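Chains as they are written, first to last, in the numbering used here: chain R, 270 to 472; chain S, 270 to 472.
Because the hints were derived from the structure by calculation, they are not lab data.
Bear in mind the structure is a predicted one, so any value in this text is a computation, not a measurement.
Treat the hints with care, since some could be wrong.
Simulated restraints, written as ranges between beta carbons of each label pair [unchecked claim]:
id, chain 1, residue 1, chain 2, residue 2, range
1, S, D433, R, A437, 18 to 24 Å
2, S, H452, R, R436, 18 to 24 Å
3, S, D447, R, K458, 41 to 47 Å
4, S, G326, R, K458, 53 to 59 Å
5, S, A310, R, V316, 18 to 24 Å
6, R, E301, S, G324, 29 to 35 Å
7, R, E301, S, A399, 35 to 41 Å
8, S, D433, R, R436, 51 to 57 Å
9, S, G324, R, P401, 22 to 28 Å
10, R, P315, S, A399, 29 to 35 Å
We put the CB at the ideal spot given by N, CA and C, even for glycine.
There are 2 protein chains.
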Amino acid sequence: MQDDAKPDLTTDARPGRAVRADALRNEDALLEAAKIVFVSAGVDAPVRDIAAQAGVGIGTLYRRFPKRSDLVAAVFRREVDACVAEAEVLAATHPPGEALQRWLNRYTVFLATKKGLAAALFSGDPAFDALPAYFRERFEPCLAALLQSAAGAGVIRADVAPYDLLRAIGNLAVSTGDDAQRHTQDMVKLLFDGLRYGAVSKG
Amino acid sequence: MQDDAKPDLTTDARPGRAVRADALRNEDALLEAAKIVFVSAGVDAPVRDIAAQAGVGIGTLYRRFPKRSDLVAAVFRREVDACVAEAEVLAATHPPGEALQRWLNRYTVFLATKKGLAAALFSGDPAFDALPAYFRERFEPCLAALLQSAAGAGVIRADVAPYDLLRAIGNLAVSTGDDAQRHTQDMVKLLFDGLRYGAVSKG
DNA sequence: TGATATACGGAACATTGTTCCGTTTATCAA
DNA sequence: TTGATAAACGGAACAATGTTCCGTATATCA
């Protein structure tokens, strides 16, 4: 593998020339804007609104993300990455058990903002085919590290598969209704208590 | 409850006057057209296409179905009804075991055409809120009758709950891929064989 | 600092959703 | 059977959104 691995950015630049700085800035602004607009107006929000929120022209949006699904997928990856990155921060700044608990909460927040995407994910658009794998690739090692660390500290039991936990919480998070968020977080906490119940050393 | 129960048709007619015959005809034509277009172009197909397929103007479509979800829900109910009606026909024209087997196949066909609707059903549109209940209300007694009849004839065992079977097949039918249909039907057949395995009298 | 590749912006066009009203037609009473 | 009238029809017109295209602006590099 050569290290021509630039950010996978749609650009007119040929190998010789560097990608322009404003192009990078706008890519970032668009993703941030899309994230905000998707939450407030759904993934079917008008592209004009996203461009406006980002402070760029429509043409710029289309240059980077020719199809809506490109933008949706990019936002999804970006938020997965952000959630994973936070795990590392938490692990470095909190004791293992607390880091785990805090991250599970962070993960439920991630899931909550993805409800609007669920329908899109099942739409059959090939642009989304790779996302489930990406989801697992990124989250499984991430949670595995937190679990192993907490288990090593004797705070939780060690016999729960990371992916099982990811899925269980994912299922808990699909509940709907007024108090969905409270309900989900309560149930996740219950799960976490379950983890603690069988811990090796401390009660 | 008075017996003013006409078909729940949006109409300008006041109680005094009968609903016009062309209105009824067009309602039917629109539902039939929508069913066809939804299969070939998805539930987001342009309303113009549906009106054209039905041979009516756009205004007529909007008069009956002001929102797309109204049309989607009406088509859904209509197809549920058609599938249920076929159960009665099969029960009257085939021996119990064969009627059951044939209907289960018919049911998988119904499910297959509903994949495009799955996303819509989960969209949170209140127009769809009543559909799951309708689904169960109609299908559960329908399948219960077939099962009871077959069990009475000693062709299958009698300890399977109709709703469990409906759900199991529903889950089998969500599989995707090139051979999804074959796979689903194979698995449903396996289920059916399972029903036969514990039959009371005949082996 | 000038030349040039690159990217930007938004007008213009295309597609689809939705409303509105003049025209047509089914119904019903005479 | 026929005329009056309510009811429904059809599609033009308008609105909202998606998409393309190209003249203009600017970052990069020699």
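Each hint, compared with the structure:
At roughly 22 Å, the beta-carbon separation of D433 (chain S) and A437 (chain R) lies within the given 18 to 24 Å, and the hint holds. H452 (chain S) and R436 (chain R) have their C-beta atoms about 22 Å apart, which keeps the hinted 18 to 24 Å range intact. About 43 Å separates the C-beta atoms of D447 (chain S) and K458 (chain R), a value consistent with the hinted range of 41 to 47 Å. A hinted range of 53 to 59 Å holds for the C-beta pair G326 (chain S) and K458 (chain R), which are about 57 Å apart.
For the pair A310 (chain S) and V316 (chain R), the supplied restraint of 18 to 24 Å holds, since their beta-carbon distance comes to about 22 Å. About 49 Å separates the C-beta atoms of E301 (chain R) and G324 (chain S), a value inconsistent with the hinted range of 29 to 35 Å. Restraint check, E301 (chain R) to A399 (chain S): a C-beta distance of roughly 39 Å satisfies the suggested window 35 to 41 Å. D433 (chain S) and R436 (chain R) have their C-beta atoms about 22 Å apart, which leaves the hinted 51 to 57 Å range violated.
For G324 (chain S) and P401 (chain R), the Cβ-Cβ distance of about 43 Å falls outside the hinted range of 22 to 28 Å, so the restraint is violated. About 30 Å separates the C-beta atoms of P315 (chain R) and A399 (chain S), a value consistent with the hinted range of 29 to 35 Å.
Of the hints listed earlier, those the structure fails to meet are numbers 6, 8, 9, in rising order.
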